[in-house]
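Enquirer: Numbering (our numbering), first residue to last: 1 to 123.
Calculated directly from the structure, the hints in this document are not laboratory data. Every residue gets a Cβ at the ideal spot worked out from N, C-alpha and C, and that includes glycine. Mixed in with the good hints there might be a few duds.
[What the hints assert, rightly or not] Here are the simulated distance ranges between beta carbons: (1) G29 x S96: 31 to 39 Å; (2) S96 x D21: 14 to 22 Å; (3) I93 x Q50: 14 to 22 Å; (4) P104 x Q50: 37 to 45 Å; (5) T117 x Q50: 31 to 39 Å; (6) D56 x N9: 13 to 21 Å; (7) E17 x D94: 20 to 28 Å.
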Amino acid sequence: MDGFGHVNNSSYLTYLEEARDEYITDLVGETVHRVVIRRIEIDFVSGLTQDDDLVDVHVQLTAVGGSSVTLDERIVTADGRVAATAQTVLVHIDESRTAAARWPDAARAALESAVATTAKVDE
1 MDGFGHVNNS SYLTYLEEAR DEYITDLVGE TVHRVVIRRI EIDFVSGLTQ DDDLVDVHVQ
61 LTAVGGSSVT LDERIVTADG RVAATAQTVL VHIDESRTAA ARWPDAARAA LESAVATTAK
121 VDE
């Protein structure tokens, strides 16, 4: 909490990170889970306070590139109020963790399947 009794803005990024990590790990497994954030854009829609207690983070995979993925994310309170929206680009990196690396075939297939499933739900 910050001095105004609100959840500090940096905490929103932690909430997003935890949900994003779990989402990607569920899709591609722990063994290929070497990703870094290339870009994140966040809109703080409404403040969170202690009274909000728990929040949900919704993660949706929207695009798969050669070594990257794009995710749309939302932090939502128990009563349905959106606290923040974000778009994050993650890049899969090599074992030395120094350069971008193409997704392994199995991971790419899982990621592309998740995008296709999302597209069908949105139609």
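Enquirer: None of the hints should be skipped; say for each whether it holds.
Expert: Here's how the hints hold up against the structure:
Distance hint for G29 and S96: a CB-CB separation of about 20 Å, inconsistent with the stated range 31 to 39 Å. Our hint of 14 to 22 Å for S96 and D21 holds, since their Cβ atoms are close to 21 Å apart. A beta carbon spacing of about 37 Å between I93 and Q50 contradicts the range 14 to 22 Å that was offered as a hint. With their beta carbons about 43 Å apart, P104 and Q50 fall inside the hinted range of 37 to 45 Å.
In this structure, T117 and Q50 meet the distance hint of 31 to 39 Å, their C-beta atoms being roughly 36 Å apart. Taken as a hint, the range 13 to 21 Å holds for the pair D56 and N9, whose Cβ atoms sit roughly 18 Å apart. Restraint check, E17 to D94: a C-beta distance of roughly 21 Å satisfies the suggested window 20 to 28 Å.
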